[in-house]
Each structure stands twice: as C-alpha cells, then as structure tokens.
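Input sequences plus hints: build the corresponding full structure.
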Amino acid sequence: MAPLQNFSDNTQASIVLAWTMQGKHLKLDGCVNKEYMEYADTSELAKYMCGEGCVGKVFETKQPIFFQDVNSAPDDFERKGQALAQGLQSMAFLPYENGVIELGFLKRISKAPTLEKPDWGGYVSENHADILASIPGIQEVHQEVQALMNQIGYVPNKADTPSHYDKENTDKWVPRDSRLNRLTGIHPFNCEAPLSVLREHKYLTPASLHYVRNHGICPKMFWESHSIDISGLVGRPMKLTMAELVKLPTISLPVTLNCAGNRRKEQNLIQKGIGFNWGCAAASTVVWTGVPLSALLEHVGIQDTAKWVNFAGPNGEVPAGDTTYGASHAREICMNPARPCMLAFMMNGELLHPDHGYPVRLLMPGYIGGRMIKWLSTITVTETEGDEHSHYHWFDNRVFPKHISSKEIATAENIWKDPAYTINDRNINSAIWSPAHCAKITVSDAMYTVRGYAYAGAGRPVNRVEVTVNNAQNWRPAKIERFEKSDKFGQCWCWIFWSVEVPIKVLANCGEFAVRAWDDSQNCQPERPSWNMMGMMCNPWFRVKVHALGDDEIWFEHPTQVDNRHSIDKTAPLNPQNEDLHLLPDGNLASPGWMERMVEDVQTVYAPGKPETLDSEEGWEREKQHMTKKSKPKVEQQSADPCFVAVLQALTNWVRSRLTPDAADKSTPVASVSAPATVAAAASLGSYTMADVAQHNSATSCWIVLNGEVLDVTTFVKDHPGGDSVILSFAGKDASVMFNPIHSQDVIAQYAPKSVIGKLAQ
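Sequential numbering from 1 applies to the sequence shown in UniProt numbering.
Check the hints yourself; a few may be wrong.
[Said to hold, decoys possible] Here are the simulated lysine-lysine pairs, DSS-like style, with alpha carbons at most 30 Å apart:
1. 47 <-> 62
2. 158 <-> 117
3. 167 <-> 402
4. 172 <-> 158
[What the hints assert, rightly or not] Pairwise CB distance ranges, derived in the manner of DEER restraints:
5. 158 <-> 501: 32 to 38 Å
6. 395 <-> 609: 54 to 60 Å
7. 415 <-> 330: 43 to 49 Å
8. 568 <-> 337: 43 to 49 Å
9. 472 <-> 566: 31 to 37 Å
10. 613 <-> 158: 44 to 50 Å
11. 588 <-> 614: 55 to 61 Å
12. 235 <-> 97: 42 to 48 Å
13. 330 <-> 170: 34 to 40 Å
14. 480 <-> 619: 33 to 39 Å
Simulated from the structure, these hints should not be mistaken for lab results. All C-beta atoms, glycine included, are put in the ideal place defined by N, C-alpha and C.
Structure representation (structure tokens):
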C-alpha cells in the first residue's frame with residue numbers, strides 16, 4: 001500500500017481510509033485524518049464481506065463509487081449518518097492494489113478523484129471564489145486593493161489558458177501568455193514581457209505579464225492541503241495551514257520586484273558568465289496582500305536567541321542541493337517595522353498565480369526577487385545563518401570582483417559565504433522603453449517624448465532621472481511619475497516612470513543618448529558596466545544609439561534585444577510590438593542590439609582576464625582626447641625638449657607656493673586683483689624690450705615673457721625638480737604660446753603678481 005499521505009496530497013481529501021482483506025473481511029488498515037474526525041473511529045469498528053457495502057462492492061468489481069453529495073448516497077453506505085455528522089460533503093471509494101481507498105471531502109467536489117498525482121495544481125482546480133470568501137475581512141481587503149489599483153492605474157491582461165509552448169512539459173497546466181519572451185528555451189520557465197507590452201500596461205503589472213524566474217518545475221500545490229512547517233527557535237513549532245495563516249493580520253501595498261539579473265545580456269556580451277540572458281524587462285510591480293512576517297514570527301513565539309530566519313520552497317523544485325530553493329534573512333530585517341515583509345497570498349486582489357508562488361510566497365520589499373521564496377513550505381529559526389535548504393542562498397545571488405571569473409576561482413578564494421558579496425537590497429537602475437529598439441521616426445521640428453522606468457533598493461525613493469544627448473556634457477532633467485505614496489518612514493518600494501521632451505532634430509544629430517537615475521542618498525548609476533561572474537546588478541547608464549535613414553527618418557538601437565523569434569520560435573511576433581520598426585529585407589530587426597553588433601569592441605574594453613599592463617600615457621586625458629585635443633600652435637625656434645608642459649606646471653606650482661597668506665586665503669575674493677591692475681603695476685616697475693629679456697638667459701638670471709608681462713623666475717631655476725636645463729629652455733624667451741593653453745589668462749595676476757617686474761615694450 002502506497003503512503004496514504006500521498007493520496008491525501010494528490011486528491012486534497014480531508015480524510016483517507018485504507019481497507020484491506022484481513023481473513024474473510026475488509027477492515028481498516030490505515031488512516032490520514034487531517035481534521036481529526038470521529039468518523040475514523042467509527043470506521044475502525046466496521047468490517048465488510050466481499051460485495052457488501054460500498055467498500056465490499058468496489059473490492060469485488062474493481063470499479064469506483066463516487067458520491068458528489070453524501071446526502072444522495074444510497075442506504076448501503078451504512079456510515080452515511082456519521083459522514084454527514086462530520087460535515088463530509090463528497091465521498092469516493094476507489095480500488096487500489098489488494099484493497100480499497102476511501103476518500104472524504106469537507107467541500108463538495110465536481111468530479112470523481114483519482115489516486116494518481118494530478119497533472120495540475122490547485123490554482124486551476126480549486127474554487128477561487130470559495131477560497132477568497134474563507135479569508136477573514138476579505139471585503140475590506142478587496143476594497144483597499146481596488147482603491148489602490150484605481151488610484152494607480154491598472155490595465156488587465158487576460159491569459160487564463162496554458163501556452164501552446166508548454167504542451168509537452170510538466171507545466172502544461174499553468175496559464176501563461178505566449179507573448180512572454182522565454183529566456184531559457186521552453187522549460188524551465190524564465191521570461192520577461194516584451195518591453196513595449198510592459199510599457200503599455202502602465203504602473204501595475206498583471207500577474208500574467210510579471211517577469212518569472214523558475215529554477216525548475218512550477219510545483220503543483222493546493223490551498224486546501226498546503227501548510228508551512230515552522231520549527232527551530234520558536235515557542236510554538238507548528239504546521240500552519242493556509243486557513244490558519246489568513247486569520248492573522250494582513251497588509252496590502254504595491255511593491256516592485258526585479259531579478260538581480262535584469263539587463264544581464266549586456267554583461268554576457270562582455271564575457272559569458274554563469275547566468276542566462278535577461279533583457280531590461282525583468283522588473284514588475286504588483287499590489288501584494290499578505291500577513292506581516294513580524295506578526296507571524298510573534299505568533300509562533302520567536303525566541304531571544306534567534307538571529308536568522310530561513311525560508312525554503314518544496315522538495316523537488318530545483319535540481320541542486322537538497323532540491324529545495326532557500327534563502328536566509330537576518331532577524332532584524334524580518335522583524336523591522338519599517339520593512340513591510342510579508343507572507344503574500346494575493347496579487348492585485350486575486351490569489352497568487354502559480355508562477356509567482358501559489359498559494360503563498362515570501363515578499364521582502366526592496367530586495368532582489370531571488371531572496372523571496374515562492375511556494376513557501378518551511379521556515380526554520382536559527383542562531384546561525386542558513387540551514388539544510390540553503391544551497392542557493394550560498395551559491396547564488398552574489399556580486400564577485402572582476403577577477404573571479406569562474407566557480408573554481410571563487411571556491412579557491414573561499415568567498416562563497418563572504419557576506420561582502422551577498423546581494424539583498426537591489427541597486428539603483430533605469431532603462432529606456434521609448435523609443436523602442438529598432439523603432440523609426442520621421443525627422444521634423446516636433447518634440448519626442450523619451451520615456452522609461454527607474455527603481456532603487458532599500459526603500460530609497462528615486463529622486464532624479466536625467467538624459468544626456470552629448471555624452472554627459474549636459475543633462476536634461478526628466479519628469480518623474482510617482483504613483484506610490486511614501487510610507488511614514490519616507491520609504492518607497494516601487495519603480496517610477498520618467499519622461500523628457502527632446503526635439504527630434506536633436507535626437508537625429510546626437511548619435512547616442514543615455515539615461516541615469518539618482519536616489520535620495522545621491523547614489524547614481526555608473527557610467528560603465530562592471531562585469532561579474534554571475535552577471536548580476538548590471539546598472540550602467542542605459543545607452544541608445546541613433547542612426548539616419550533615407551527619407552528624413554532615423555532609427556534607434558538599444559544595447560541588447562531578447563525575443564522568442566531568435567530562441568524558441570522563428571514564427572513568433574517581432575519584439576518590440578506595436579511599433580513602426582526598421583527591418584531588414586527578410587523581415588527581421590535591423591540589429592540585435594549595438595552591444596552585440598559591436599561585441600568585439602565591447603569585449604576589448606570591458607572583458608575580464610586581461611594582464612595588468614601599464615602605460616604612462618593612460619588616464620583621463622586620453623579617454624577624453626576627442627574633446628580636449630587642440631591644434632598645436634607653431635612656435636619658431638621652439639626647444640625640442642618634450643618636458644615643456646611639466647616645466648610650465650612646475651612654474652605654476654612655484655608661483656602658487658609664493659602666495660601671500662591673504663592671497664592664499666580662499667575666503668578672500670580673487671576678483672579683488674585684476675589683470676589690468678597688474679599691467680599697470682608692471683608698467684610702473686619698468687619697460688623691457690625682447691633684447692633686454694634675451695640677456696637674462698642663464699641660471700643666475702632667468703627672465704621670461706607671459707602675455708606682454710616680464711617675469712623674473714631666477715629663484716625658481718634652482719628649485720625645479722627636473723633640473724635647471726629644462727627651465728632654462730624658456731630663459732630669455734616669450735613662453736606665452738606654451739603657457740596659455742593650460743592656464744587661465746589671469747593666473748599670474750591673481751596668484752603671483754610679485755613675480756612681474758615690468759611690461760614688454762612694443
């Protein structure tokens with residue numbers, strides 16, 4: 001006889017009885033009694049001959065008997081009265097091996113159950129209306145959630161049937177929108193909505209368009225039978241059923257979730273890491289409803305010695321470790337009144353979608369999605385971090401230094417469990433979704449609205465978003481659309497939308513534009529990507545390139561592109577959707593993304609593993625030479641000594657070192673000394689011809705001319721760290737053409753007027 005608990009789990013029966021032939025009679029041989037009903041005690045006294053009663057008839061004929069309504073059961077069901085007294089509404093008697101399995105249900109079921117594990121989960125077989133009606137205060141919950149959705153704005157998306165892509169795999173029962181871009185083949189299901197579709201559904205994301213990260217199967221779980229096993233350092237260990245969970249206090253609030261791998265394809269083009277390619281749509285926002293985690297932990301009596309709370313999903317969910325996906329969170333976070341962590345069982349006013357954890361999941365606002373356990377099955381409270389379910393807690397969701405380019409190196413350096421590299425709170429990030437990748441527009445005098453999203457972690461609001469059309473020389477501030485109200489701690493848990501009006505002709509001539517976001521701590525997205533082995537937390541400026549077409553049109557090129565057409569289905573719709581696109585003659589997009597088109601250059605600049613070569617000319621000025629290069633003036637009889645810049649810099653340092661205390665005091669306005677006054681002072685000191693200056697061309701008497709003024713720098717010659725031969729190359733000469741390009745015109749007048757001894761005669 002198979003374990004009766006399996007039959008209970010598979011059928012969601014409230015009571016399971018096993019009958020076997022013992023001598024000449026069928027007698028009770030086992031029981032799973034979830035509700036501890038007296039019906040089981042009554043059954044222990046019963047016995048049946050072959051063909052007698054419901055049990056005997058099923059044993060004899062090997063045909064099942066099913067009573068959808070126990071009231072209508074015939075008289076040969078002799079325990080009918082006891083069944084009705086216990087509240088059983090449906091009954092089934094099923095043949096199994098050398099006996100009979102009897103199933104009782106406290107709720108009426110529509111069809112005869114089978115003992116085999118079902119091919120579907122409870123989300124598609126259980127009555128949602130009945131479940132919602134069983135939640136205390138559900139009307140108030142619905143009113144609160146609906147008010148939020150009306151205030152924020154919600155565009156529903158109907159996707160209540162399975163996708164044709166899943167017809168051959170274990171997830172064939174899960175309702176899914178076939179437009180979702182599958183990033184790891186057909187299965188397991190890891191997806192993001194087409195960016196244009198995500199944009200069209202505005203601030204709140206329907207469950208069927210929310211990004212999904214499934215490490216394995218979508219577990220077949222049931223509200224009626226599911227429980228959370230809570231143990232460890234708690235005063236009341238228990239198996240908490242969903243009916244018991246929803247009796248605790250509840251909260252509802254909008255929260256944005258994102259995968260730590262959002263935008264990972266940009267990293268994988270630099271060098272392939274150990275994660276698959278995400279585009280920039282691995283972020284979604286939902287109004288979540290659940291039980292505050294602090295209320296649950298108080299309910300079970302968390303002990304003073306407890307420091308960590310460990311969460312895990314069901315067995316068999318994932319391939320690695322003990323086949324459970326787990327995460328461990330500090331007690332201070334779980335109990336923090338300023339962090340609204342919860343065990344969520346509703347999204348946007350409906351029961352959780354199976355891909356998002358039906359019937360219950362952990363939600364940690366501000367954290368990355370990988371720290372929020374779906375299909376929550378166990379909670380252990382411990383003094384130390386982690387438990388037997390923590391394989392993914394230790395070996396996933398980390399940002400390692402650039403030189404850690406393989407799992408083997410990470411293991412050799414013993415850094416897997418180093419908390420310095422753990423990801424919990426997400427970082428600040430943004431992306432552009434208008435214009436879309438490969439979208440084209442006509443050049444005109446009109447304005448174009450560049451739009452996108454941004455989010456930050458730890459409850460920090462996004463306070464600023466800005467767009468540059470000239471590589472950060474100027475930034476255009478964007479308008480922020482914030483639909484979420486900050487909480488009493490000043491925290492926000494959702495993304496914002498942003499927009500900025502730019503003339504189309506500016507876009508047509510800029511070559512590239514980019515966006516960056518800031519939070520309220522003035523943290524800002526970095527300009528450059530920082531490669532890491534897991535490809536996580538990728539948040540450099542989001543750059544879009546602009547290309548000219550004929551007929552006064554331009555088209556836009558995002559850094560990367562993900563879609564089903566280039567992965568699982570060559571006939572899939574183009575992504576982006578609902579856009580006027582620049583296409584190749586074969587009907588495909590004109591570009592896979594500029595980072596992929598320029599992948600060799602991208603890898604040359606950013607890839608890890610390069611030797612630490614040194615270059616004395618490397619630095620900021622080389623990187624920006626396209627901006628700083630100037631035509632070099634022609635200088636007759638100019639010394640070939642290559643150190644003239646160093647000489648002039650040393651000269652500047654010398655004159656600065658001789659500042660009077662008043663001149664050096666930054667609180668004294670430097671405008672009080674002007675160039676004309678210095679010229680006048682020089683004139684009063686003397687007037688010299690170039691012939692006069694030329695006579696002072698030695699270490700003992702060194703004069704130079706700067707912008708019509710004669711300077712005596714004799715005392716500087718002996719102090720020059722490069723030796724007197726270098727400074728003497730300017731002795732007795734006009735050094736203006738060398739000095740001016742690197743200094744402001746009034747530097748001497750402001751900082752060293754005493755070095756001026758006169759004026760150059762005309």
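- Message: Checking each numbered hint in turn, tell me which of them this model violates, lowest number first.
- Response: Violated hints (numbers, rising): 3, 6, 7, 10 and 11; every other hint is consistent with the structure.
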